[in-house]
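Student: Residue numbers (our numbering), protein chains in the order written: chain A, 1 to 623; chain B, 1 to 623.
Heads up, some of the hints might be wrong.
[As the list claims (entries may be wrong)] If the Cβ cut is set under 7 angstroms, some of the chain B residues that face chain A in the computed set are: (1) Pro116; (2) Asn119; (3) Leu135; (4) His154; (5) Gln157; (6) Gln172; (7) Trp215; (8) Ser322; (9) Leu330; (10) Leu515; (11) Tyr518; (12) Ile547; (13) Leu551.
[Stated by the list, open to error] Covered stretches of chain B (chain A as the covering partner; in silico rule of three or more C-beta atoms under 8 angstroms from a C-beta of chain A): (14) 276-290; (15) 572-581.
To be clear, the hints were calculated from the coordinates, so they are not data collected in a lab.
What you are looking at is a predicted structure, and each value in this text was computed from that prediction instead of being measured.
Using N, Cα and C, we set each Cβ at its ideal position, and we do this for glycine too.
Number of protein chains: 2
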Amino acid sequence: MSDWDCPSSSSSSSLSTPLHPPPPFKLLLLRISSVSPIQGYDAWCGVAHGCTRKLGMKICGFLQKNNNLEERSRIVSSLKERTAKTLLSCDNIGGDVRFRRTETDFSNLFARDLLPAKNGEEPTMQFLLEVVEILTNYIRKTFDRSTKVLDFHHPHQLLEGMEGFNLELSDQPESLEQILVDCRDSLKYGVRTGHPRFFNQLSTGLDIVGLAGEWLTSTANTNMFTYEIAPVFVLMEQLTLKKMREIIGWPDGEGDGIFSPGGAISNMYSVMIARYKFFPEVKTKGMAAAPRLILFTSDTFTLSFIINIATDGRLFSQSHYSIKKASAALGFGTENLILLNTDERGRVIPADLEAKVIEAKQKGYVPIYVNATAGTTVYGAFDPINEIADICEKYGMWLHVDGAWGGGLLMSRKHRHKLNGVERANSVTWNPHKMMGVPLQCSAILVRERGILQGCNSMCAGYLFQPDKQYDVTYDTGDKAIQCGRHVDIFKFWLMWKAKGTVGFEQHIDKCLDLSAYLYNKIKHREGFEMVFNGEPQHTNVCFWYIPPSLRGMPDGEERRKRLHKVAPKIKAMMMESGTTMVGYQPQGDKVNFFRMVISNAAATRSDIDFLIEEIERLGHDL
Amino acid sequence: MSDWDCPSSSSSSSLSTPLHPPPPFKLLLLRISSVSPIQGYDAWCGVAHGCTRKLGMKICGFLQKNNNLEERSRIVSSLKERTAKTLLSCDNIGGDVRFRRTETDFSNLFARDLLPAKNGEEPTMQFLLEVVEILTNYIRKTFDRSTKVLDFHHPHQLLEGMEGFNLELSDQPESLEQILVDCRDSLKYGVRTGHPRFFNQLSTGLDIVGLAGEWLTSTANTNMFTYEIAPVFVLMEQLTLKKMREIIGWPDGEGDGIFSPGGAISNMYSVMIARYKFFPEVKTKGMAAAPRLILFTSDTFTLSFIINIATDGRLFSQSHYSIKKASAALGFGTENLILLNTDERGRVIPADLEAKVIEAKQKGYVPIYVNATAGTTVYGAFDPINEIADICEKYGMWLHVDGAWGGGLLMSRKHRHKLNGVERANSVTWNPHKMMGVPLQCSAILVRERGILQGCNSMCAGYLFQPDKQYDVTYDTGDKAIQCGRHVDIFKFWLMWKAKGTVGFEQHIDKCLDLSAYLYNKIKHREGFEMVFNGEPQHTNVCFWYIPPSLRGMPDGEERRKRLHKVAPKIKAMMMESGTTMVGYQPQGDKVNFFRMVISNAAATRSDIDFLIEEIERLGHDL
């Protein structure tokens, strides 16, 4: 055949003209092994480079000197053979095989054809690369502002099946082609939480290094309970927790801690260990062994308050509801969680704490635990930790700082003063998956006293934590946890820390706070906007009402409140339908529904803030 | 330049001979856009195919007819231009841009150069593809039996830094090149839990579709608490839980449930909701509002028993220690968890349960909860659910079935009879991440009574669960959970179910149980092996001692027990040092250390079982 023949005429070529219609997901890339000898010279040069660099360069150089066609043809043929071997040997000597995407018909392939199936390696690689293409395209578009944040559909619409996207499970397997379609559809109908204009949650953004860390974590597919099966991750957790304790300010980073499945569980840990500290017998004898124990946190609200929203003006809600969940779950009872009054910015009033401690003691109850929130969910308020710590010391109570949202500010020299006194806490919750942009989930509970976490939770399960292992079993962390198996949440965070450095986190946090200051300054005097509280926010939370022109002249009163209460939900609904941006809203105590803007997304810029404001105005103008 | 010039002489080519030494991770693949016109003819043909198939085929056919060199050169030049446009238009019309790996110098790139950085798209794609190459190579090798299961190092060795692998975090960022090295090293010093010879845990194997699901999950990076930000995943969870309830046998799959971070938390949920069912006032008033509540489960052991191992022969341990952890955490106290006697196979003796219920009632205590284990951790025993259910009904107690490990057998028509009576349970824990091979973590708590999970845990946090949203808010699941944010554990499972079908899970489970029967039959009469209990195991757990020749003639007694106790740890240590395979061991009650073999790994074959046995013999022969 001529050197110029299209390789489609060669039977071995993946570039052959397909006789059957190409299925979706059929892909073509130059399949090097099927390139004709001479035409493939450069390709081989590339392969030679890629596989064994020094050898590759030599071959390439040699080839350049030999311009005789016949000679070249011979060399390339021989090189082709050698490289095939080299690829294998690369693998054996610890180098890596380059991956190549080839034309693969997934319509006739099933999960059973993938590894560990015989000859499953090639379909496995092609399938994974196909998935990666779907994911990289998703990522690319997520950062593109011309992409919608979401393509909203109601539950019944998705359940009925959107354009063939069938959520129902069946008895028989589907082809990998269908599985790839399912992957695309699952992303298509989801929400792009990494989009520069997604502001709906405390956790936003898509950190690429963190994402890579998650991909690796799931590939390693192991469990945190013992050093035996997660040696690297267990050590990373230990070192990272120590670093976090140093940043908190505990001497030499001493203490203990563990990563848990979210801030609510971290907070639950804090209540458990506080109880264990003062009443260790509860572990064996139950709550009956202790007197009536009292917990304190800033005020929390429930839906019933919302219903009474217009009549009950004294109710506020600041601290996270997880403290309440913990008090219910752990057997304290929510009535024994006493809610503390807060100032207009949502910060605990220390005098109120002391008064309520005294009151509880007078009733014969035993106050044991105070939660100070560093960064409340709605207002982003920081409780005055030092003043609360004084009271805790005075009355012998455990001080927990819930820094799930605000803990990240400890990384910023400019903003960490907002947590002044945190080093006096007995325990701290800190979620890197919120303000620090680590992918979900990543939450740490940090404890100042070493050993107490173990004492509180250990049950000494011999089948896991054999004392006669050949390594130092103090590294087995499982018995500290209330979980048995524990997901590896550390790697992505560790990798991000390596990649950004402490300074990188600091820059991210400072930037987010600068952006929220920009937003605050932009709307504080803007027509149609009203701040929920006065003064610059402490965190990135900016809480505001949008007042449509129809309400602007209206005197404050029941009618206006009722109508204003409906504005944010209506704008939000339109926002979701149009898919342009997303921001949260909620009522709070006597305040009717208002927007809570939060910024933790590294992709957000001033233009996105501008866009949000204009979008609210556009959507809300005629309400 | 001649058509035959090596493109390295062209300044635009990525195949140019590198003037600087190629850094690690520098990659070469044919960069199509830089191929010289004529030589690139075939490459262009491929591109034409890949992007727009019909057009591509036309062009390719046309090119084949035109063998004139000059003409070809002209066509290819024009094609190159057109295809560049086509690639863009592919993107715009909803198709995807093919990804291409190009030569990238990561030593000068940092996390800050990735998206959302300006011009960050290309480095982002190259970085992610590089990571994917690391991962696909890891996967490839994981399934290759010539690869070690692990490369063991002691904690102090890893902490000191292995060949430049430095776990310490620093203030300044590291280059992406170093980040990629860190990724490789993290995998290198870890444990290949997907290796066909990894039998150490109940969760083993690496399911490719499940893995793809996890990669997608982390890319979507969202949270399960509301439909608003996880519409697809929330519905998938709902449908999958319903399917699981149908398989359990609850009428029409009615009931409730949630995915939780592991079996221990799922079991904790079951205790919480049982308490709420009988004493809902505990939620608000604490345990003080209830009488002394009693929980039952099969016997559990603690390390202190191991120390007394030679003297105390009556102590056994069957059920999972999470029930004990829950009793401590939730304020019952471990003393109010009563351990039930089991038969020689580790199954609860129902008469003992009834006797202990009566005894507790006579003391004035209130028995409220029985945990029946379906597949104990060590023996793989299935408690007789129907007989336990009879007693629960008689005395008005909550029946929980902990099927974390054995629940998967419900998928097998051949083996599901081992859970007969499960449909009578009030709640069931079922971990797809164990027997069903779903990547970690994936655990469900399923509840027969609808609404009770919500009643038990809801705190109605208005900032999350606004009742005035535009969609049906009953789909917001967050308030059922004790967590706030909740990791998306459903997608990988849903995707695997789609890809395998119910029948695929059944085949997997049947195969694993067949393999364990093979192992059992192989060693039950083999010299040097002794079974821990007689008869075929109910689950894939095969428990046995290896008796080295030095102990074979020795009469049973203290000396032999002491020496035998040390055999399994020694063999395990050598196994880990040599890295060839991994299997667990532990003592149990009066039984000195024995091996517990479990099979949940889809990659395992009879040859791997043979290998394990021979490896134990090889390593233990001279002990």
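Student: Hint by hint, say whether it matches the structure.
Tutor: Hint check:
1. Hint status for Pro116 (chain B): holds, given a least beta-carbon distance of 4 angstroms to chain A, under 7 angstroms.
2. Interface restraint check for Asn119 (chain B): the shortest CB-CB distance to chain A comes to about 12 angstroms, outside 7 angstroms, so the restraint is violated.
3. The closest approach between the C-beta of Leu135 (chain B) and any C-beta of chain A is roughly 5 angstroms, which is under the 7 angstroms cut-off, so the hint is satisfied.
4. Restraint check, His154 (chain B) versus chain A: the minimum CB separation of about 5 angstroms is within 7 angstroms; hint holds.
5. At about 10 angstroms, the closest approach between the beta carbon of Gln157 (chain B) and any beta carbon in chain A exceeds 7 angstroms, and the interface hint on this residue is violated.
6. Taking 7 angstroms as the C-beta cut-off, the interface hint given for Gln172 (chain B) holds, the closest approach to chain A being about 4 angstroms.
7. Proximity of Trp215 (chain B) to chain A holds as hinted, the smallest CB-CB distance being about 5 angstroms (cut-off 7 angstroms).
8. Interface restraint check for Ser322 (chain B): the shortest CB-CB distance to chain A comes to about 6 angstroms, inside 7 angstroms, so the restraint holds.
9. Proximity of Leu330 (chain B) to chain A holds as hinted, the smallest CB-CB distance being about 6 angstroms (cut-off 7 angstroms).
10. Proximity of Leu515 (chain B) to chain A is violated relative to the hint, the smallest CB-CB distance being about 13 angstroms (cut-off 7 angstroms).
11. About 17 angstroms separates the beta-carbon of Tyr518 (chain B) from the nearest beta-carbon of chain A, more than 7 angstroms, and the hint is not met.
12. Restraint check, Ile547 (chain B) versus chain A: the minimum CB separation of about 18 angstroms is more than 7 angstroms; hint violated.
13. Checking Leu551 (chain B) against chain A: minimum C-beta separation of about 17 angstroms lies over 7 angstroms; hint violated.
14. Restraint check on the region 276-290 of chain B versus chain A: 8 residues with Cβ-Cβ distances below 8 angstroms, three needed, restraint holds.
15. With 4 residues having a beta carbon nearer than 8 angstroms to a beta carbon of chain A, the region 572-581 of chain B meets the requirement of three or more and the stated coverage holds.
Violated hints, in rising order: 2, 5, 10, 11, 12 and 13; the structure is consistent with all others.
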